[in-house]
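Residue numbers (the working numbering), protein chains in the order written: chain A, 6 to 181; chain B, 5 to 211.
Hints may be right or wrong, so weigh each one.
Said to hold, decoys possible - Okay, derived cross-link-like pairs now, DSS-like style, lysine-lysine, Cα gap no bigger than 27 Å in a straight line:
id	chain 1	residue 1	chain 2	residue 2
1	B	Lys165	A	Lys90
2	B	Lys154	A	Lys96
3	B	Lys13	A	Lys90
4	A	Lys96	B	Lys15
5	B	Lys13	B	Lys50
6	B	Lys147	B	Lys15
Claimed, not checked - Facing chain A, according to a computed beta carbon distance under 8 Å, are these residues of chain B, among others:
id	residue
7	Cys61
8	Ser62
9	Asn65
10	Met136
11	Pro141
12	Pro144
13	Leu151
14	Ala152
15	Val161
16	Ala162
17	Phe163
18	Met169
Since the hints were derived computationally from the structure, they do not count as laboratory data.
Heads up, the beta-carbon is just placed ideally off N, CA and C, and yes, glycines get one too.
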Amino acid sequence: MQTQTEIGYNSKVEGDVVLTTVDAALAWFRKNSVWPMPMGLACCGIELMAVGASRFDISRFGSEVMRFSPRQSDCMIVAGTVTYKMAACVKRIWDQMPEPKWCIAMGACASTGGMYRSYATLQGVDNIIPVDVYVAGCPPRPEAVLDALIKIQNKIGTQPILQGTVAAKLLNLQEK
Amino acid sequence: MSALESANKIKAKFGDLIAEPTEFRGEITLKLADAEKIFDVCRFAKSIGFDYLVDICSVDNYGEDPRWTVIYHLRGVANGQDLRIKTDVSEEKSELPSVLPIWRTANWHEREVYDLMGIRFSGHPDLRRILMWEGYPYHPLRKDFPLAGKPTDLPGVAFTKVTPMEGGPFVTLPSSSDSIAREPRVRVPEGAERAVSDQRLIDGKLK
Chain A
6 MQTQTEIGYN
16 SKVEGDVVLT
26 TVDAALAWFR
36 KNSVWPMPMG
46 LACCGIELMA
56 VGASRFDISR
66 FGSEVMRFSP
76 RQSDCMIVAG
86 TVTYKMAACV
96 KRIWDQMPEP
106 KWCIAMGACA
116 STGGMYRSYA
126 TLQGVDNIIP
136 VDVYVAGCPP
146 RPEAVLDALI
156 KIQNKIGTQP
166 ILQGTVAAKL
176 LNLQEK
Chain B
5 MSALESANKI
15 KAKFGDLIAE
25 PTEFRGEITL
35 KLADAEKIFD
45 VCRFAKSIGF
55 DYLVDICSVD
65 NYGEDPRWTV
75 IYHLRGVANG
85 QDLRIKTDVS
95 EEKSELPSVL
105 PIWRTANWHE
115 REVYDLMGIR
125 FSGHPDLRRI
135 LMWEGYPYHP
145 LRKDFPLAGK
155 PTDLPGVAFT
165 KVTPMEGGPF
175 VTLPSSSDSI
185 AREPRVRVPE
195 GAERAVSDQR
205 LIDGKLK
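Looking at chain A on its own, in the form it has when it is part of the complex (with noise of 0.2 Å):
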């Protein structure tokens, strides 16, 4: 038997509703919960371990779901020394990851190359991949790497989802 559903003011719910732009909320389910590509490749790789255990606790920020599958991932973090050798790599996962994607980059040496400077390391990732956030360190602090994560989420925040897509004139042409 079907109920009769109450339309209007309804006092049960009353206080839970916000008011909000479907863009807004998208981008604040985005932002919460970026899924990271650990691209670790050198030392820089175990601070990231500790980035996402219980002291430092990455899940506080809605990103402990590290995966290991490009093809699940939104922000890669790319910590430690890139390699020529390792660099096509690197590309290869980062192409194989869906838009939209970031990219930190954790430390020296995945920013600039650090203090490798010789003919077997890429100098600076940033040569093959774009990056949002560049992290100092030798290697970081966790603390470093969290707020580079929290820089990543106020950006993603900012940036339209629906605007100027086929969504979006879907819902406007609904609406009229």
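Given the coordinates of chain A, assemble chain B onto it according to the supplied hints.
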């Protein structure tokens, strides 16, 4: 039996092929005259207790002849003895027998020497590069190869660029007088003072 006694045993077996064992800070070194005999010497060394190949490394005596020196570090795990066997290889030949049938660990050691120095090992079943990417055209540990590297590009596989060496915060200076002057972290990086003065200018304008 000490390491020196073991070395003398090898010397007695191969005679003139091997020079008198030299000792430096308690470490024994044997010099083998003919690199082609390295397999036989190593097999005999293993039969008298050197069951562990610690490392194979190579030296580029650039400008001298023969150009290469290949060094085998052996250890007897049971008796705690260490032994070093050196042999010279000419640049024209750049090849010597693989010791992989004696110690299987030689597989990757020999690939590393081949990758970085370009010395080949005959009889090696899988002599590919191990550190640089496949298709890289140089052997970067040679003395005539610049530390900054050379530009290469193999589309779809990999590339290398020349590393900027000037003024960086991590570049050591080989000609510096002492270790403190050589230490990159005590120097103000080139351009850093300029950046500070630029920042002061900006601050001044803001005020």
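So, going through the hints one by one against the coordinates:
no.: 1; hint: B/Lys165 x A/Lys90; verdict: holds, 12 Å
no.: 2; hint: B/Lys154 x A/Lys96; verdict: holds, 21 Å
no.: 3; hint: B/Lys13 x A/Lys90; verdict: violated, 44 Å
no.: 4; hint: A/Lys96 x B/Lys15; verdict: violated, 54 Å
no.: 5; hint: B/Lys13 x B/Lys50; verdict: holds, 12 Å
no.: 6; hint: B/Lys147 x B/Lys15; verdict: violated, 32 Å
no.: 7; hint: Cys61; verdict: violated, 17 Å
no.: 8; hint: Ser62; verdict: violated, 17 Å
no.: 9; hint: Asn65; verdict: violated, 21 Å
no.: 10; hint: Met136; verdict: holds, 6 Å
no.: 11; hint: Pro141; verdict: violated, 12 Å
no.: 12; hint: Pro144; verdict: holds, 5 Å
no.: 13; hint: Leu151; verdict: holds, 6 Å
no.: 14; hint: Ala152; verdict: holds, 7 Å
no.: 15; hint: Val161; verdict: holds, 6 Å
no.: 16; hint: Ala162; verdict: holds, 5 Å
no.: 17; hint: Phe163; verdict: holds, 7 Å
no.: 18; hint: Met169; verdict: holds, 6 Å
When each numbered hint is compared with the structure, violations occur for hints 3, 4, 6, 7, 8, 9, 11.
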